[in-house]
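Residue numbers (this note's numbering), protein chains in the order written: chain A, 1 to 78; chain B, 1 to 150.
There could be a bad hint or two in this list.
Stated by the list, open to error - Just so you have them, the derived chain A footprint on chain B, three or more residues with Cβ under 8 Å:
| # | segment |
| --- | --- |
| 1 | 54-63 |
| 2 | 112-119 |
Unchecked claim - Listing some non-contacts, in silico: residues in chain B with all C-beta distances to chain A over 10 Å:
| # | residue |
| --- | --- |
| 3 | Val3 |
| 4 | Ala47 |
| 5 | Glu51 |
| 6 | Gln68 |
| 7 | Val75 |
| 8 | Ala122 |
Hint data in this document are derived by calculation from the structure and do not stem from the laboratory.
We treat Cβ as the ideally placed atom computed from N, Cα and C, and that holds for glycine.
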Amino acid sequence: MTSRPRRIVVTVTPQGTVTAETVGFTDDTCLDYIAVLEELLDAQTVQSAYTAEYASATTEVPQEDREVARAEEWPGAR
Amino acid sequence: MSVSLILLPLAVAAVTAYQGTRSERDADGRIICQVRTRMRDATLLAAALEETNARVTRDDQQIIAEWQGVRARFVRGEDGIWAAHFSGEVDEARAVEIVSAIDASYGRQVQRAVLQRLRDRAATVGLRLESETVTEDNSVQLVFAVEGRG
C-alpha cells in the first residue's frame with residue numbers, strides 16, 4: 001500500500017485564531033504535533049477532534065468527531 | 001489517523017472581544033468608559049492602535065492612545081489582559097465601537113505575527129512549507145510537508 005505524504009495544514013484567520021489539521025498520518029504520531037504546533041505558534045489548543053480520516057482509518061471508533069484533549073469552553077469556538 | 005485543532009495564540013485571551021463595559025465619573029465630573037479587551041501583547045496592541053490612526057505613547061504601566069476628541073488609557077490587569085479607559089467625546093456605545101475597531105486591527109497584527117513565526121521557525125521542527133494561499137476571508141492557509149523532527 002502506498003502511504004500518503006504527511007502534511008499539516010495551518011490556517012491563520014484575520015481574527016488571530018488558528019486552525020490546524022494533520023493529513024496522511026497512519027498512526028497516533030499526529031498527536032505529537034499538537035505540542036509541536038503549540039510551541040511553534042506560541043498558542044494553546046482550545047479545541048481538538050479526530051477527523052473523518054481518522055474514522056476511516058479505524059473500525060473501532062464511532063464516526064463522529066471525538067474530543068482529543070483539553071477542549072475548553074471558548075467563546076470563539078461557538 | 002489525523003486530528004484537527006483550534007489554537008489560540010497566547011497574545012489573545014480566551015474571552016469575547018470586549019466585555020465589562022461600564023462608565024463612571026472622574027474627580028472633575030468627566031465620564032470615563034471602561035472596556036475590557038481580549039488583548040495581551042503590548043507591542044501588538046500599540047501597532048493596532050497606530051493602525052487606527054491614534055497618536056500612541058507608552059511606558060511600562062500604560063499605553064495612551066489619542067484620537068480627535070477621544071483619549072484611551074490602556075492598563076494591564078492582573079490577568080495580563082489590557083483594559084481601556086476612555087475619556088473625552090465618548091459614551092459607552094462609542095467606546096465599544098472604538099474597541100471593536102482596535103480589536104479587528106489587533107487580530108490582523110496577531111495574524112501577521114503568527115505567520116511570521118511559522119515561516120521563520122517551521123523548518124526547525126521538520127516542517128517544509130509547500131504552499132501559502134490567501135482565502136476569500138483573508139485567512140492565510142499554509143500547507144507543510146512533514147519531514148521529521150529536526
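Hint-by-hint comparison with the structure:
1. 54-63: Our answer is that it is violated, as 0 residues pass the Cβ test (under 8 Å) against chain A, missing three.
2. 112-119: holds (count 4)
3. Val3: Non-interface label on B/Val3 violated, nearest chain A Cβ at 5 Å vs cutoff 10 Å.
4. Ala47: Its Cβ never comes within 10 Å of chain A, the nearest being 13 Å, so this holds.
5. Glu51: Since the minimum Cβ distance to chain A is about 12 Å, B/Glu51 lies beyond 10 Å and the statement holds.
6. Gln68: 26 Å, holds
7. Val75: 21 Å, holds
8. Ala122: 7 Å, violated
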